[in-house]
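As given, the protein sequences belong to chains F and Z, one line each in that order.
For reference, each letter of the first sequence is one residue, going 39 to 291 in my numbering.
For reference, each letter of the second sequence is one residue, going 198 to 782 in my numbering.
Just so you know, the hints here were simulated from the structure itself, not pulled from any lab data.
Taking lysine to aspartate or glutamate and the EDC-like style, the derived pairs with C-alpha atoms no more than 16 Å apart in a straight line are:
| id | chain 1 | residue 1 | chain 2 | residue 2 |
| --- | --- | --- | --- | --- |
| 1 | F | LYS87 | F | GLU52 |
| 2 | F | LYS87 | Z | ASP700 |
| 3 | F | LYS185 | Z | GLU524 |
| 4 | Z | LYS382 | Z | ASP357 |
| 5 | Z | LYS374 | Z | ASP351 |
| 6 | Z | LYS689 | F | ASP88 |
| 7 | Z | LYS520 | Z | ASP531 |
| 8 | F | LYS178 | Z | ASP305 |
| 9 | Z | LYS693 | F | ASP61 |
| 10 | Z | LYS255 | F | GLU174 |
| 11 | F | LYS158 | F | GLU244 |
| 12 | Z | LYS743 | Z | ASP761 |
| 13 | F | LYS273 | F | GLU239 |
| 14 | F | LYS211 | F | ASP152 |
| 15 | Z | LYS289 | F | GLU174 |
| 16 | Z | LYS374 | F | ASP57 |
| 17 | Z | LYS255 | F | GLU176 |
| 18 | F | LYS158 | Z | ASP351 |
| 19 | Z | LYS689 | F | ASP91 |
| 20 | Z | LYS227 | Z | ASP204 |
| 21 | F | LYS161 | F | GLU239 |
| 22 | F | LYS178 | Z | GLU304 |
| 23 | Z | LYS693 | F | GLU59 |
| 24 | Z | LYS743 | Z | GLU723 |
| 25 | Z | LYS374 | F | GLU59 |
| 26 | Z | LYS693 | F | ASP91 |
| 27 | Z | LYS693 | F | ASP57 |
| 28 | F | LYS211 | F | ASP155 |
| 29 | Z | LYS498 | Z | ASP463 |
| 30 | F | LYS185 | Z | ASP305 |
| 31 | Z | LYS289 | F | GLU176 |
| 32 | Z | LYS677 | Z | GLU756 |
| 33 | F | LYS185 | Z | GLU304 |
| 34 | Z | LYS743 | Z | GLU726 |
| 35 | Z | LYS652 | F | ASP88 |
| 36 | Z | LYS374 | F | ASP151 |
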Amino acid sequence: MTDNRLAARQIELEILRYDPEKDQEPHFERYSVPCINEWCVLDALNHLKDSIDPTLAYRWSCHMQVCGSCGMMINGEPKLACKAMLRDYPDAVIRIEPLAHFPVERDLVSVADDFMDKLKRVKPYLIPGKVRVPTEGEYKQTPAQLKRYRQFAMCINCMLCYAACPEYGLQPKFIGPAAISLAHRYNQDSRDGGRDERQEEIATNEGVWECTFVGACSEVCPKHVDPAAALQQVKVASTVDWYLEHFMSWVKK
Amino acid sequence: METIQTDVAIIGAGGAGLRAAIALAQESPKLRIALISKVYPMRSHTCAAEGGAAGVIKDNDSFEQHFHDTVGGGDWLCDQDAVDYHIHEAPKELMQLEHWGCPWNREDNGSVAVRPFGGMKIERTWFAADKSGFHILHTLFQTSLQFPQIQRYDEYFATDLLVDDGRCQGFTAIEMKSGSMRRFKAGAVIIAGGGASRMFPFNTNGAIKTGDGMAMAYRAGAPLKDMEFVQYHPTGLPNTGTLLTEACRGEGGVLLNKDNYRFLQDYGMGPETPKGQPVLKTMELGPRDRVSQAIWGEMQKGRAVDTPWGKCVWLDLRHLGEKKINERLPFVRDICISYLAMDPVHEMIPIVPVVHYMMGGIHTDTKAATSLPGLFAAGECACVSINGANRLGSNSLVEILVFGRRAALSAAEYVAAAKPGNEAALVAQADASQARIDELFARSSGTESIAGLRKEMHETMGDGAGIYRTQEGLAKTSAKLAELRRRYQNIKLHDKSRVYNTDLLTALELGNMLDCAEAVAVSGRERKESRGAHQRLDFTARDDDKYLRHSMAYFNGLEPPRIDYRDVVITTSPPGVRDYSGEKK
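The following block holds chain F by itself, in its conformation from the complex (with noise of 0.2 Å):
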């Protein structure tokens, strides 16, 4: 195994930095880091923070794409640092910002508090159609039943989807890629009966009326969830429901 996966590589980190304290506004940074081939942005930033520059602001835990923490823009594209690697960024400079559409709390920290509100506003929990307790044993789920929501269960709320969405940019109203992805995982789901407390939520304007259909959000997930495909799905069900309701409301739904 002799290759250049351990090779030697100095790249120089444009990096946005903020602090609130003594910053009339963001500035970039430029740091010139020692790295090696095989690394991840994640590693080259660390390693910033331990040899050069420890007032370096930003997230990350668990290093395996899966926490959801270090997601940031990578010369212009949302992704997660642990996932981004240096071996796709042949060029000598990086340019690293922190989520776009987001508010800055400082340097690549960003803040957080929509995302988490809109996630809460969808209800993403199991409202159980038909109750059962727990000593009655579980509720049968097929695996092709499972299949029709797997895909959006996958979802690590790093938000960088938010950050891709053209239209969560010019309307920060838009619940979003991430939060519908997530409802539409429940409605999907043989054991829920809670889409038409959802549908209150995601079915307005505020909700997937707002998206246009760029597709920018499955293209930046990491973890294909697809969520354009969520939201294709939940404007097609959500048609349905309002033809059902004027037109044919002698049908029962």
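Based on the hints, put chain Z in the right spot on chain F.
Quick look at chain Z alone, frame taken from chain F:
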């Protein structure tokens, strides 16, 4: 300082903390609950657990089997009354998660599926592909959103417990976005702060796992139990330490040395089983301590594989085929491709044992109560002693549920009878906590660097407290940690801003790790036997006469901890021989 008044405050919002919060909200709906975490709940390290959670559900299984697998796996250092409670609650908790929407894998008929895991005689691990911990965490977090009485304090870093009149009555915490300290005044406190494996240089753990909860309880006088027992997971990536789940072997993956020989058969785990048809509790499905020790043995014998990242052995999944790997182990495939640029569908993956889990932690009884009244603990930060000297894979995801809920029930009961505290004394303690932080900011004379001390801690933990240990090595590491703890008093902050100051937080985390690390090294130095994950080259046998006991480390200021011992609770299973030789007799 602003005071936040609550009934039960929970430090840590991973699996154990969230389960405790939901149990309080459902079972004691009138209580106010404060849930504090230094990260947003879904960032907690529960999310990184891959394999699954053990609970008896199938007709071919029994509580007795789960009990014996756990107690034997723990090399008889488990408290058997705690194990008994754990195994009986396990299926109820896993079923409860199913009712909350957890996407468990299913059989064709719609019932929950189980998979085999190391050290288990019967397959009993409930799983959600290879993202079980992730789904458990998100199911709990999302479920918790429906309870208005759970007041969350995300990105608050807890610093010190407030103890007066011999009981815990709250704590101080820094609101990270402002840097302001708050006093949480609580009738009872539950610590669910996770493990401390970041004290080691090479580990599977997230950056946040720095033993904050353990250290806070320890400094407040609650002893840390069995800290010398540190689990190495056999299959980590050699460059990043990233975990490849035990389910790799549960699904039929095999371990090979440089001669493509399945070496586990040379370490008491044979005879060899057919490739791709794993047999429970033998060969690749041996327990983690034995498998990790066997890999170390191959390295000593010169039979390991030389790779750019050092000596490794192979994990071979290729015979499982692309379809099964994608269906059962998709995350493993992604991780190998990202970090090694290797695809397990086509290539063997180099792996090494890597520090994964602390069996030890804050001593609790079977009701999750610590020895400090008003303080409860659950999850990896606690040691209720179901894991003994070696945890079986898939017991910890259940432990966070069973004992998270148990801590909640105990805390609720305690709060109902708690007396009001001495406000002046508590305020004075909170002010002292604030003063320590202010002094760090104001200090201009500091000379020690945080990253520098951390590196020295990593080196000495790797050298002296690793997979095989000696008296000399542990004594040296203990002395080094005592030195580092003294030098820590002279650290220097570079970042003087109050807003989201990660320089300050990493400094506090380092202090917590050093306290816990010293408890690991000193407890290990004093345990002159080999048991489970604590293997001594100079005392190679288990010594039940002297050490069928829990070690208890008591905080002693800047001096090393005082070590005492406590009897193990044995109910039905007297110490025996751990047998992983399959059907061979």
